[in-house]
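Sequence order for the protein chains is E and C. Under this note's numbering, the first sequence is numbered contiguously, ending at residue 418. Under this note's numbering, the second sequence is numbered contiguously, ending at residue 418.
Source of the hints: derived by calculation from the structure; they are not laboratory data. It cannot be assumed that every hint is accurate.
Copies of the same chain look alike in the list, so a pair counts if it works inside one copy or between any two.
Straight line, CA to CA, 25 Å or less: simulated SDA-like cross-link-like pairs of lysine to any residue [said to hold, decoys possible]:
| # | residue 1 | residue 2 |
| --- | --- | --- |
| 1 | Lys266 | Ala145 |
| 2 | Lys316 | Ala214 |
| 3 | Lys386 | Glu146 |
| 4 | Lys303 | His318 |
| 5 | Lys195 | Gly205 |
| 6 | Lys199 | Arg418 |
| 7 | Lys266 | Pro144 |
| 8 | Lys303 | Gly398 |
| 9 | Lys266 | Glu283 |
| 10 | Lys266 | Ala361 |
| 11 | Lys303 | Gly205 |
| 12 | Lys199 | Ala175 |
| 13 | Lys316 | Glu211 |
The residues making up each chain are set out below.
2 protein chains.
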Amino acid sequence: MRNKLLSLVSLCLLVAAAFAVVQPDDALPSWRDGDARDAIVDFVQRVTKVGGDEFVPPAERIAVFDNDGTLWAEQPLYFQALYIFDRVAELAPEHPEWKTTEPFASILKGDVKAALAGGEEALLELMAATHGGISTEDFSDSVRSWLEEARHPKTGKRFDEMVYQPMLEVLEYLRANGFKTFIISGGGIDFMRVFAEEVYGIPPEQVFGSSVAAEYKLVDGVPTIVKLPKLHFFDDKEGKPVGVHMHIGRRPIAAFGNSDGDFQMLEWTTAGPGARLGLYVHHDDAEREWAYDRESHIGKLARGLDEAESRGWTLVSMKDDWKRIFPFDEPR
Amino acid sequence: MRNKLLSLVSLCLLVAAAFAVVQPDDALPSWRDGDARDAIVDFVQRVTKVGGDEFVPPAERIAVFDNDGTLWAEQPLYFQALYIFDRVAELAPEHPEWKTTEPFASILKGDVKAALAGGEEALLELMAATHGGISTEDFSDSVRSWLEEARHPKTGKRFDEMVYQPMLEVLEYLRANGFKTFIISGGGIDFMRVFAEEVYGIPPEQVFGSSVAAEYKLVDGVPTIVKLPKLHFFDDKEGKPVGVHMHIGRRPIAAFGNSDGDFQMLEWTTAGPGARLGLYVHHDDAEREWAYDRESHIGKLARGLDEAESRGWTLVSMKDDWKRIFPFDEPR
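Bound conformation, chain E alone:
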């Protein structure tokens, strides 16, 4: 009886699903009418049109997304860097030598600028130093607790609320059209996996990023994977297409980024045959978010700005193309 009821419920759901057609008008409500929105919708319609010249089978509908600055904000600093700074403060009592060792000393003094003088590579080293020697499960717990407690210095919001509503809609719209969505980010793979499923609907196995090495061993008899203080893979710039290849094993047909760190991923994606979508989110809304590009230390976008048009990539103006930025914004 119970089984019959379940079958009936499933049947109704399936019938409903068969009739539900995802119309772009419903799917992208936070996007203003314009070239950027048209480019996304046009691309999706071309690759999903059964019998069309540019039809792509669902298994090959792979879309890759950068995370920092593309799916969530990255100012005044990558959110993971803020986590790392909090973690350095937390671990400092166990590391008296940090008081006199850079970049730890600067972090402990609150001098972010000096701490980051070494650029993104320095940040990666910091990631290795602070994420090492901890089990993968304890690390996830630590990130989870931090996300519960930490608040963004400007908005006062939880960091995982500072995601871009229009991009959440793109993720959903692509998935509703048979795409598999992946994160390919310079950020730490284990860091992002803590929230990607709940926030973006992207399961851990579809998240790839920079990583430290790890080892498997028994700790007090318990099988444990321990993160090591040693960089394993730096998933940025030329590393991104390599990361895409390692993790996915086929070339995506759509790539979304916001900085020159994503350039090669867009280049690799759009160099394939058939319909392709390369898209840059341009941070040009100083009022509702931040405005930065060529001169920024975070999310620098110079070559991408210069070449997007000639390469046929879509440049999204956050200011003009998006009705709202964050889910907590009022649309305008």
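Dock chain C against chain E, hints included.
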């Protein structure tokens, strides 16, 4: 009109799907009744029973499979080793120094035993040396051609026909019950991705294995990922749980292997809470396949044999539990 027709067809398919219940009797026809088959069916029923104590949501139904010796045969030598030997012969004219450098010299003389004196690590080095300096796309083409032409020295069959029919059924049965199936193998990731989708129904992004490093660059202006002659990750023994973590990011609930190289993957998988399945395929059928375990250079199974029972892992006898081994066998 056309759209309406399509909707109608979809509807019928969906209605059919709603009523199609995968009965284990239909799903595992090549398995004899017995403890091994019962263990698989019992596990699947427990984790899929809605409202049951051991119910696992579909997103967490992750099953990992070793490849060599678990999904396809591995005698007289890992099939990828045979590909490598053929590749060494093919590349030899460009490498006159190989005539006097081991292990190349032994391979070129046909002395497999001497060539493999260095064990699996030597094989990995050979993989790096022969798989390097070629684009990922050319490499895939090379493997594809080889699979078309090469034949197994004993059966005369294509290598991708030498897969285990009962395991193909397990893969299908798990997927029909909401599982996501992954390969986690000591074999080369790019090698396996060439045939895994067609042969096992496992898409490239769900295949993980040992790998060489790679770099992204423009070759004559064309974006290219080039494999490098340098080992990046050795996905065996303690490396397997680490590979599982890197690639999937959550602990599987079922793991299938055949050798001590899979021991840690089974250990990591079955150490998690709730219902778990650890399963070893035991090669004990000298007549229909090969019989080997403790003393074998390929697929050595000693610790696994000793500890399977005490760890609650299922030991499958190919001889007794399988009605047929290969799809081309007559069932008996």
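Against the structure shown, which of the earlier numbered hints fail to hold, in ascending order? Going through the list in order, the structure violates hints 3 and 6 and respects the others.
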